[in-house]
Structures are given as C-alpha cells and as structure tokens.
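Participant: Chain by chain, the residues:
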Amino acid sequence: MALEKELETYKQKLVELKEHEGKFALIQGDALVDVFTSYEDAIKAGYDKFGLEPFLVRQIHATEQAQFISRIVAPVTAMQTA
Amino acid sequence: MVDAFVGVSSGRVAALQKAQLPVPQPQRIRALVDTGASGSCLDPIVLRALEIQPTGVIPVVTPTTGATPAICNQYDVSIMIPAAKSAPFQVPTTAVTEHEFFSAQGFHALIGRDILSRCVLIYNGTIGLFTLGY
Chain A
584 MALEKELETY KQKLVELKEH EGKFALIQGD ALVDVFTSYE DAIKAGYDKF
634 GLEPFLVRQI HATEQAQFIS RIVAPVTAMQ TA
Chain B
91 MVDAFVGVSS GRVAALQKAQ LPVPQPQRIR ALVDTGASGS CLDPIVLRAL
141 EIQPTGVIPV VTPTTGATPA ICNQYDVSIM IPAAKSAPFQ VPTTAVTEHE
191 FFSAQGFHAL IGRDILSRCV LIYNGTIGLF TLGY
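So the protein sequences, as listed, match chains A and B.
Going left to right, the first sequence walks through residues 584 to 665 as the numbering used here numbers them.
Going left to right, the second sequence walks through residues 91 to 224 as the numbering used here numbers them.
I should point out that these hints are in silico values taken from the structure, not numbers from a laboratory.
Some clues are possibly wrong.
Unchecked claim - Selected chain B positions facing chain A (Cβ under 7 Å, derived; list incomplete):
| hint | residue |
| --- | --- |
| 1 | PRO144 |
| 2 | VAL150 |
| 3 | THR152 |
| 4 | PRO159 |
| 5 | ILE161 |
| 6 | ASN163 |
Unchecked claim - Cross-link-like lysine to any residue pairs, in silico, SDA-like; alpha carbons within 25 Å at most:
| hint | chain 1 | residue 1 | chain 2 | residue 2 |
| --- | --- | --- | --- | --- |
| 7 | B | LYS108 | A | ALA628 |
| 8 | A | LYS601 | B | PRO144 |
| 9 | B | LYS108 | A | GLY634 |
| 10 | A | LYS596 | A | GLN611 |
Note that beta-carbon positions come from the ideal geometry of N, C-alpha and C, so glycine has one too.
Looking at chain A on its own, in the form it has when it is part of the complex:
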C-alpha cells in the first residue's frame, strides 16, 4: 500500500497531534514535518519540501472520520493500487 510508512507514523504520533484536531499533518517516512491550518497549505508545503517524492497529508482526528458516499460506487482501495 502506498504511504504505508507515513500512515504508521501518523498513528504513532496521534497522541501528540490531538491538540491540533481538525488541522492537517504533513508526514514523510517516519517524520512529522509540520501541522497546517488548511489542506492547501499542507499540500503546497509537501511539494515545496519534497518535490515529487511521496508524502502524506492527513487531517487530524482523535477519532477516525470516514468519508461517506450514499451513491453506489466501488471504492478503489489503497491495497488494490499498491
């Protein structure tokens, strides 16, 4: 799965990230780079810092929030695209 290491880092750092609920964490590898108020700022910082290398931007939620789609569609899971 793409970004597996970054996702693991997010889970490990979640306790310290809880005070930033709703903001956006920028993560590469096992490093939490910074926290941003907006998704746009986090993405821009990711490309500025890492160029075209993989990085993760994740909205911080102490309790995981799922996206909800009421229409019948077939999600392409991260495992399928690995």
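Based on the hints, put chain B in the right spot on chain A.
Facilitator: Just chain B now, with coordinates in the frame of chain A:
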C-alpha cells in the same frame, strides 16, 4: 451534471516545473453534483491520465462497503467548472478519493459537499434546474 476540468494541483504544477517535467493537461470530465457525498471522488481513468500519486489515505463508507470502511487513496487535484458569462469556478487544490464505475454511469466524478461548501447550491425541482453560485 456539470462539465468540469480536473488537473494536477497548483503545488504539483510548481514541483513538476521545478523538475523540468511536463505538466499533464487538465482532463475534461462530466461530474455529478452529489449532496450525499461528504467528499469529492474521481474515476481512476482520470487519475491515470494526470499521472499523479496519492498524498493521502482515508476510510470511506459507501453502500457497497457495509459498516466496515474501505481504505482509499486520496489525491490532490485542481478543479475548474467553466461558466458561460462569468469567471470560472476554480479550486486550485482539493482532495479527491478514487472510485470506479463512474464512466459506465456517464460521469467521471462526484462533486461532493467539500466542494459545494464553497458555493451556493439552489435546486429548483419544479423546473428541473440547479444553480451553483460562487
């Protein structure tokens, strides 16, 4: 249903230019305005054309997943909806998740409430017309 253009995000454009790589052309799509979608979604065929990699991973619940969310990749893109008599509605950077079968249904994307939260959506059911104000 709206016609729209989906391209790489503004941050990725800058990174591609810095690396002296070509920027993929925005893809013309048909999108369904869907207030039942909390986030916007895109067909993989469009994502492949944009040659982008995921920058997020999030759980997604649909009628096909049941109670257990599917873990889906999230991609940063730009979206532009042209307007006949005014400036287009543009979102330089937004997140979309990847879902199949949109093409078979006659559209390539769902415009969800994440995008609609930037507009005023008026649905006039008596004449079968909707208006997006931005």
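Participant: Work down the list of hints and note, for each, if the structure agrees.
Facilitator: To see whether the hints hold, each was checked on the structure:
1. PRO144: Holds, because the Cβ-Cβ distance from PRO144 (chain B) to chain A comes to roughly 5 Å (cut-off 7 Å).
2. VAL150: holds, 5 Å
3. THR152: holds, 5 Å
4. PRO159: For PRO159 (chain B), the interface hint holds, since the closest Cβ of chain A sits about 4 Å away, which is under 7 Å.
5. ILE161: This interface hint holds because 5 Å falls under the 7 Å limit.
6. ASN163: Holds, about 5 Å.
7. B:LYS108 - A:ALA628: holds, 14 Å
8. A:LYS601 - B:PRO144: holds, 24 Å
9. B:LYS108 - A:GLY634: With a Cα-Cα distance of about 8 Å, the restraint between LYS108 (chain B) and GLY634 (chain A) holds, given a limit of 25 Å.
10. A:LYS596 - A:GLN611: Measuring from Cα to Cα gives roughly 13 Å; hence the hint holds.
Hint compliance for this structure: every hint is met.
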